Structures are given as C-alpha cells and as structure tokens.
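There are 2 protein chains.
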Amino acid sequence: MALLARLAQRNDRRIVLLVLDGIGDLRTADQPRTALEEARTPNLDRLVARSALGRLVPVGTGVTPGSGPGHLALFGYEPTSSDADIGRGVLEALGLGLDFPPDVVVARGNFAAVDRDGLLLDRRAGRIPTAEGERICALLARRIEAAGGVLGDGVHVEVHPGEAYRFVLLFRAVEGTPRLDPGLLDTDPQRLGVPPLALMAATGWSGDGAGDRDAEAARETARRIAPAVEALQRELCAEERANTFLLRGFSSLPALPGVGELYGLRAAALAGYPIYRGVAKVCGMDVVDCGKPFEQVLDRLEERWRDFNYFFLHVKGTDMAGEDGDPAAKVAVIEEVDALLPRLLDLEPDVLAITGDHSTPAPMKAHSWHPVPLLVSSELCFADDCERFTEAEAIRGAVGTIPSSELMGLLLANAGKLAKFGA
Amino acid sequence: MALLARLAQRNDRRIVLLVLDGIGDLRTADQPRTALEEARTPNLDRLVARSALGRLVPVGTGVTPGSGPGHLALFGYEPTSSDADIGRGVLEALGLGLDFPPDVVVARGNFAAVDRDGLLLDRRAGRIPTAEGERICALLARRIEAAGGVLGDGVHVEVHPGEAYRFVLLFRAVEGTPRLDPGLLDTDPQRLGVPPLALMAATGWSGDGAGDRDAEAARETARRIAPAVEALQRELCAEERANTFLLRGFSSLPALPGVGELYGLRAAALAGYPIYRGVAKVCGMDVVDCGKPFEQVLDRLEERWRDFNYFFLHVKGTDMAGEDGDPAAKVAVIEEVDALLPRLLDLEPDVLAITGDHSTPAPMKAHSWHPVPLLVSSELCFADDCERFTEAEAIRGAVGTIPSSELMGLLLANAGKLAKFGA
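Residue numbers (the numbering used here), protein chains in the order written: chain A, 1 to 423; chain B, 1 to 423.
By construction, these hints were calculated from the structure, which means they are not laboratory data.
All figures in this text were calculated on a predicted structure; none of them were measured in a lab.
Heads up, a few of these hints could be off.
Only pairs whose alpha carbons sit at most 25 Å apart, straight line, appear in this in silico DMTMM-like list of lysine to aspartate or glutamate [claimed, not checked]:
{"hint": "1", "chain 1": "B", "residue 1": "K420", "chain 2": "B", "residue 2": "E406"}
{"hint": "2", "chain 1": "A", "residue 1": "K316", "chain 2": "A", "residue 2": "D346"}
{"hint": "3", "chain 1": "B", "residue 1": "K365", "chain 2": "A", "residue 2": "E379"}
{"hint": "4", "chain 1": "A", "residue 1": "K281", "chain 2": "A", "residue 2": "D307"}
{"hint": "5", "chain 1": "A", "residue 1": "K281", "chain 2": "A", "residue 2": "E379"}
{"hint": "6", "chain 1": "B", "residue 1": "K365", "chain 2": "A", "residue 2": "D350"}
{"hint": "7", "chain 1": "A", "residue 1": "K420", "chain 2": "B", "residue 2": "E336"}
{"hint": "8", "chain 1": "A", "residue 1": "K316", "chain 2": "A", "residue 2": "E393"}
{"hint": "9", "chain 1": "B", "residue 1": "K365", "chain 2": "B", "residue 2": "E158"}
{"hint": "10", "chain 1": "A", "residue 1": "K420", "chain 2": "B", "residue 2": "D326"}
{"hint": "11", "chain 1": "B", "residue 1": "K365", "chain 2": "A", "residue 2": "D385"}
{"hint": "12", "chain 1": "A", "residue 1": "K420", "chain 2": "B", "residue 2": "E163"}
{"hint": "13", "chain 1": "A", "residue 1": "K316", "chain 2": "A", "residue 2": "E348"}
{"hint": "14", "chain 1": "B", "residue 1": "K281", "chain 2": "B", "residue 2": "E393"}
{"hint": "15", "chain 1": "B", "residue 1": "K365", "chain 2": "B", "residue 2": "D346"}
{"hint": "16", "chain 1": "A", "residue 1": "K420", "chain 2": "B", "residue 2": "E406"}
{"hint": "17", "chain 1": "A", "residue 1": "K420", "chain 2": "B", "residue 2": "D324"}
{"hint": "18", "chain 1": "A", "residue 1": "K420", "chain 2": "B", "residue 2": "D188"}
{"hint": "19", "chain 1": "A", "residue 1": "K365", "chain 2": "A", "residue 2": "E323"}
{"hint": "20", "chain 1": "A", "residue 1": "K420", "chain 2": "A", "residue 2": "E393"}
{"hint": "21", "chain 1": "B", "residue 1": "K365", "chain 2": "A", "residue 2": "E348"}
{"hint": "22", "chain 1": "B", "residue 1": "K292", "chain 2": "B", "residue 2": "E335"}
{"hint": "23", "chain 1": "A", "residue 1": "K281", "chain 2": "A", "residue 2": "D83"}
{"hint": "24", "chain 1": "A", "residue 1": "K365", "chain 2": "A", "residue 2": "E379"}
{"hint": "25", "chain 1": "B", "residue 1": "K281", "chain 2": "B", "residue 2": "D103"}
{"hint": "26", "chain 1": "A", "residue 1": "K365", "chain 2": "A", "residue 2": "D83"}
{"hint": "27", "chain 1": "A", "residue 1": "K281", "chain 2": "A", "residue 2": "D30"}
{"hint": "28", "chain 1": "B", "residue 1": "K316", "chain 2": "B", "residue 2": "D286"}
{"hint": "29", "chain 1": "A", "residue 1": "K292", "chain 2": "A", "residue 2": "E261"}
{"hint": "30", "chain 1": "A", "residue 1": "K365", "chain 2": "A", "residue 2": "E336"}
{"hint": "31", "chain 1": "B", "residue 1": "K365", "chain 2": "B", "residue 2": "E393"}
{"hint": "32", "chain 1": "A", "residue 1": "K281", "chain 2": "A", "residue 2": "E78"}
{"hint": "33", "chain 1": "A", "residue 1": "K420", "chain 2": "B", "residue 2": "D83"}
{"hint": "34", "chain 1": "A", "residue 1": "K420", "chain 2": "B", "residue 2": "E78"}
{"hint": "35", "chain 1": "A", "residue 1": "K316", "chain 2": "A", "residue 2": "D286"}
{"hint": "36", "chain 1": "B", "residue 1": "K365", "chain 2": "A", "residue 2": "E295"}
With beta-carbon atoms standing in for the labels, derived distance ranges [stated by the list, open to error]:
{"hint": "37", "chain 1": "A", "residue 1": "A332", "chain 2": "B", "residue 2": "E406", "range": "39 to 47 Å"}
{"hint": "38", "chain 1": "A", "residue 1": "W369", "chain 2": "B", "residue 2": "R6", "range": "28 to 36 Å"}
{"hint": "39", "chain 1": "B", "residue 1": "V194", "chain 2": "A", "residue 2": "Q9", "range": "16 to 24 Å"}
{"hint": "40", "chain 1": "A", "residue 1": "W305", "chain 2": "B", "residue 2": "R6", "range": "51 to 59 Å"}
Idealized CB from N, CA, C, for every residue including glycine.
Based on the sequences and whatever the hints tell you, model everything.
This is how it looks when you write it as structure tokens:
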C-alpha cells in the first residue's frame, strides 16, 4: 500500500469496480453447476473476450471474511491489519446508516432477559419484534435526555434501535476529558444461567474491533462508561421480556487514510445498503445516494459520471440469494446485472472490474473462504483465453489468483495511475 | 533470501539465466498476438517440451519496474527493500560504465539554462548535443583539477559526460572525514520560471536511491557538498545555452551481499550494455566483457564456460523493440535468439532459465507491470503440458506465477544447490 501510494499519479481515467456481493459459488453433488455457470450472460460473455480473468483471495487461504474485511481488501487495504479492523459495533452502526467520528466508541447491544437472581434466561429477549425494540430504545433515550445526554463519568451516550432485539450504543467523552478507548470486552457471557459479565478492559488484542490498544486507556474508559451502562440497565428492570441488555463488539471507526489521499482518486460509492456505504466512507469515498435495484445504481452512475474517477458499485442480491440457499435467485440476479451491463459499458469506463467481496455459495447458505472470480477489462488488461466469467474459467485467467488487497494496484496500473518503480 | 543462503550448498552444476529484456508483451485490439506468439521459434518450441513454464511478477501486482529493480529481483533480491534501492544517479553512472565504491555519492546532472534573474528557462539547455555536453564537462573537470580534485568542505569531485545534456557528478569524502550520505533532494524544481532548488537533505524516505538514512548525516553532506556545486555552477555563468545545471537522483551503490557470498555461486554477467553489467556487479557477479549481439555473448559464454557455474546473459533488443513500439523488430530479435539457441543448448547447462526483467509491450512503448513468461529447463524441472513459450501458455505452467525474487531459489534447487530444510 505504501509503495502504491508513492507511485500513484493522477489522471482522468475512470475505474469502475462492480462488486457482486458473495458472487463466488460452489459445485456440490446436489448443485453441479455454480450460479455463474448456470446463468445466461450474453453481455458478460462478450466482455470476457476482451478481459483478463483471475481470482481474488479476500483475506487468506481458508479464511471466510465478513463484509467489512471483504470490502476493505477490495479497496486496497490489508484486511488483517489492526488499523483496518472494523469492529462489530461499528459495522452494526454503519448498517443503520449512522454517521459518527472516529473518537466515538460503539457497542452493539442485545436486549436480554435475566431471572430474579440476575442470571441470564434469554440472550435475545425472546427475539422481540423490531417495534418492541424501538419502544425500549425510546425509554433509554428518554433516560439519557433526562441526564442532559451525559451519563457515567462525563460520557455522551446515544442509543439507536436496530432490527428485532438489536440496538447500538454510542459513547463519546465530553469535551475537555480524555478520549474513550474501544478496548473493552463483551459483557455477553455467551451462555445462560450466569450473570452478564461486568464491563472490563481487554488485556490484549481482542481481535474484534479493538486492535492493539493502550490497556490503561481502556481500563479508564471502562471505569467511566460502566455507571452509564448500569443506569440504562436499571431503566429496564420493570420490563417483562427485555429486562436487561448485553453489549458486544466495542469498537471505533478505523482512522484509515482514504483512497483519495493515498492514490489521488476521486472515489464514489454507489451502494443501496448502509453498511457498504459506511465501509466506503471509512475508506474516504463520497457516498452517492442511490436505491437498491441495480437499475437505479446505474441511473446515479450516469448522472455523476463526470464527478469522479473511481466508482464502487454494490449489488447485494447475489449475496442474499446465497445466504438464502436459493441458487435460482442467484442466477436471476446475475442475469439481471448482465441485461443492464450495456448501460455500464456505454459509459466507456477505462477500467472495469467485476468481482465479489467473498463467495456466498448457495449450498452453504453462508459466506465462505473460496477464491472469488474476477474480471478486469481495459485496453491493457491482456485479454486471455477464458471464455466465460465463471469460477472454473477464472482459474486459468491472466491475472492469476491474487489477494483481494492487490486488486487496487492492478486497477490503478490499468488506468495508467502508477508511475514506474525504480530507475 | 536468508533461508536460501542457509540452505545453499556448492556443486559444479551450471545455471544459465537468459534475460530477454522486456520480453513480456500484450494482446490488444490492434495487436491481437504478442511477439512471442507471432515469432517462429522451432528451437524454443522443442525446448518447451522438456521445460516447466510459469510467470514472474517483478515487484508486485500492478507495479512497473525500472531495469534496476527488475534485475535485482531476478538475482534473488527483494527489490522493494531499501537495501536494494539503486538510485537514478547510480544507474546513470553504471550506464556510463563507471566503476566506483559504495561510499561515493552520485548525482545525475542536467545542463540547464537560467535567465538573468536566475529563473529557469530550459531544464535541458535546449538538449545540447553530446559533443557540447562533453566540452562543458571538460570545463568543469579543469575547474576541479585546478582545486586539486577537492571542492567544498573536503569533497573529492569527479564529472563524467553522458548523452546530450546529461552528465554525472561523483562525490566522495576526503580521507579522515565522515562518509558522505546520499539522502539529498533533487535541485530540479521540475518546472520553469523558478530558480533551481538549493541543495537540501531529504527529511524522510525519498524512495529514489536514498533509502532510510540518517537525516543528520544527510544535512552535514549537503553543507559540505553545496559549495562544490556552487563553484561548478559559477564556472558556467558565461555559457550561452548551458549556464547552470540541475542535480537529480543522489544515491550510492547499495552494499548488497553478493550471490557468491550468499549461495556460493561463481557468477558471471555477459551483457552488452553497461547498466546491466553494473547491476550484476552490485550483486557480486564477475563482468565478462562482451559485445552487444547475442552471437558475441555466446562466443564469450563458450570461452568462459569452465570458469563459472552461474551465467547471466542479457539480450537488450527485445526491450528496445518494445520501447520503439515495433512488434516486427521484437519478433525478429526473438527469432534471432531462437536461431542461436542450439549453441547455448550444446553447452548442456544443467539448468537453463529464459525470462525477462519486466514486460515491455510494443503497444505501450514502455515497461509495464504484466507478469513475465518464464521457462525453466532442467532434468528435474517437471515438464508440464505447455506447448509454446508465450505469455498465455505460461499461465498454466508448472512453476505458476511467482515473484521474480523467488526465481533464484528455483534455479538453485534445480541445480541441486539447496539442502533440505529441517529434519
């Protein structure tokens, strides 16, 4: 990344990165052909003839990535570096469309139920409906408001409802007090019949959004936040189903150098779902408001074509179909993208990449570790002998199998945005 | 590299590395076949049948290397490490065939023109002819001679003319004074209408030959060298076209462990152009004088066959044709090499590798980042199913796509020069 940033040079050539979320699929006994193999894709097929194929390994061999690392890698960041660690709390908050600075500590909350002895009966409060979660969040918000927005030892607190029993808490030090540190442990003991854990600082690397932190700062943060959390928990003691809550994934926005700063790109994110917009924002991209259907993404792309020279387009349907274990739906999304592809090609991007942030094979109904097929099309891409954009054809593509985090360098090179290294 | 050096064991088996400079090429709309695809190469074709093919990535995905990093990687060095950084000044000096120790600081000079206010009118002095550059260098040399070879604060100075407006200055501390540091910034402001920049130390990693340096030593060097540079510039004030000069690419020879020291090789470089001889020398190879035509390289190879067990042969024509955007010339060079290949094979090298330091696709008229095809032939190479030595065939070769810096290990292994790792 440092080398690329050093070599980066600006020009007006446009790069489009089309992410078909979870596009990679599997051949199994029950599903002998992948969705890409099954789909009728005349436009993609024609594009393949003037493209280089290859495969991306999102994080490492055998490692299944979440959406955060999957996308960070596509944007050129080393997804396992602690700098690029997007915690669960932050990811949940981004998914709700919240906007907050890097000095905010975010935790994901689960409403839960305890018995009269304070022992956990249900870690999800019987999966209460969203409306019920919103009602309880409003209770908490009123409690916070009554305290002038500040609880514990000088901590601004905000609460935002999510889906069903989920919510997020945002903590921020009041002005003039030391910044809060996200190096805190989950209070969820992950089993029933025991009390929720006390709020404590992580002693080392937690691997969940905390990164390497100053243990002392984290202990101080735990001391300041704990009374705020207790005050909010007390507010629920009269509730029937959700009489407490658990907190997980304490984290802050990673303070990453943006792709503008690093590579001189004017980068735009066109994504229908907040979490992808959030990750793109963390990477310094401008978020262009757009709807979920790919057609609407293309509408906005056409409108804003002159304003940027790097576009991240996100299609969620492939991943949803994979998660649902619905191969036919996955094929349908691919065919819909294929049908609309000419609109994208008519813009004549100098470099077009099509890939995914990870595989979501329908037979697994989940993300997986399998390499993700990649297509790169540009005048200089080296058109290889691959005939279709599929997992198996991509094995013999000219790009080879490379880490996702190397894609950015390849796209910059194809766009003439990298100077020569060394004399 | 450390691991290989630990495992290295000596034997008499001979390795030949034939570098076809810039051999990698592109398929584009206007050039549907690469030079290797287009060339008739009956001898290479026969060799492929008993070879393993693969591809080399010189520096990293998307990174276009200069000749220095490209060759260092082929010789087994990590080209992005600051230890292996060959600066512009050093490369220019090596290209002139100069021989100098690692404590010399070299700068590349451009004769330039300033107006009466000292503002730059022309950064290349109207591209004066070589004879004119030589005349002006002789003026400077006389000035240096008049000072007993020492200018500034105890600095030995040498000047050597290059092509047209180019020259090099060599600086070295007089005995008993601290060594000079190459961590200096260019004095070329890269634009007109402003004065040349003062000689200053780089504050961080300059990325151009400086590596990580002691800033203090660099400041001290700037202080000592600056009066020498000013004295030489004053010498030109009466010149009509070239009344000053700019300095770029301050650098010193990297002090690398040689391939003899590392791997016990007796290594020879047979290259017609000084820059490649220079880089090979930096890597501890013996330079065998030879002409530019491949035929003459082979003459010397035959003569010296008993004296070494590692031979680096360099063919420049492929790169020149690529730089000229002349695909037919590139094909012709490949066919010429192919025709002479039997002479090389008649020597029965135990291991023969054919590859390039980088790609120089004719359609780009420049170096590029594309992986470079590689052929390795030895009794133990694992002959794969590839049928011709081309970019596309090499994708499916037995060697796979590996960093150029890993080639040395592969060649040592094929020559039985690496012991087993671990019990």
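Status of the hints after comparison with the structure:
1. B/K420 x B/E406: It holds: about 17 Å lies between the C-alpha atoms, which stays within 25 Å.
2. A/K316 x A/D346: holds (23 Å)
3. B/K365 x A/E379: holds (14 Å)
4. A/K281 x A/D307: holds (17 Å)
5. A/K281 x A/E379: violated (30 Å)
6. B/K365 x A/D350: At roughly 19 Å apart (the allowed maximum being 25 Å), A/D350 and B/K365 satisfy the hint.
7. A/K420 x B/E336: violated (29 Å)
8. A/K316 x A/E393: Roughly 23 Å separates the two Cα atoms, so the pair holds.
9. B/K365 x B/E158: violated (35 Å)
10. A/K420 x B/D326: Holds, because 21 Å separates the two Cα atoms, which is no more than 25 Å.
11. B/K365 x A/D385: With a Cα-Cα distance of about 24 Å, the restraint between B/K365 and A/D385 holds, given a limit of 25 Å.
12. A/K420 x B/E163: holds (22 Å)
13. A/K316 x A/E348: Holds: A/K316 and A/E348 sit about 24 Å apart, inside 25 Å.
14. B/K281 x B/E393: violated (33 Å)
15. B/K365 x B/D346: violated (35 Å)
16. A/K420 x B/E406: holds (21 Å)
17. A/K420 x B/D324: holds (18 Å)
18. A/K420 x B/D188: It holds: about 19 Å lies between the C-alpha atoms, which stays within 25 Å.
19. A/K365 x A/E323: Given pair A/K365, A/E323 holds - Cα atoms ~4 Å apart, limit 25 Å.
20. A/K420 x A/E393: With Cα atoms ~31 Å apart, A/K420 and A/E393 exceed 25 Å; violated.
21. B/K365 x A/E348: Holds: B/K365 and A/E348 sit about 23 Å apart, inside 25 Å.
22. B/K292 x B/E335: It holds: about 16 Å lies between the C-alpha atoms, which stays within 25 Å.
23. A/K281 x A/D83: holds (15 Å)
24. A/K365 x A/E379: Judged against 25 Å, a Cα distance of about 37 Å means the pair is violated.
25. B/K281 x B/D103: Distance ~16 Å between B/K281 and B/D103 Cα, so the pair holds.
26. A/K365 x A/D83: violated (30 Å)
27. A/K281 x A/D30: Cα-Cα ~40 Å, so violated.
28. B/K316 x B/D286: holds (19 Å)
29. A/K292 x A/E261: Violated, at roughly 29 Å.
30. A/K365 x A/E336: Holds, because 21 Å separates the two Cα atoms, which is no more than 25 Å.
31. B/K365 x B/E393: holds (23 Å)
32. A/K281 x A/E78: With Cα atoms ~17 Å apart, A/K281 and A/E78 stay inside 25 Å; holds.
33. A/K420 x B/D83: With a Cα-Cα distance of about 19 Å, the restraint between A/K420 and B/D83 holds, given a limit of 25 Å.
34. A/K420 x B/E78: At roughly 17 Å apart (the allowed maximum being 25 Å), B/E78 and A/K420 satisfy the hint.
35. A/K316 x A/D286: It holds: about 19 Å lies between the C-alpha atoms, which stays within 25 Å.
36. B/K365 x A/E295: violated (40 Å)
37. A/A332 x B/E406: 39 to 47 Å: Taking Cβ atoms as reference, A/A332 and B/E406 lie about 44 Å apart, which means the hint holds.
38. A/W369 x B/R6: 28 to 36 Å: This hint holds: roughly 33 Å between Cβ atoms.
39. B/V194 x A/Q9: 16 to 24 Å: Since B/V194 and A/Q9 have Cβ atoms about 21 Å apart, the given range 16 to 24 Å holds.
40. A/W305 x B/R6: 51 to 59 Å: At 55 Å between Cβs, range holds.
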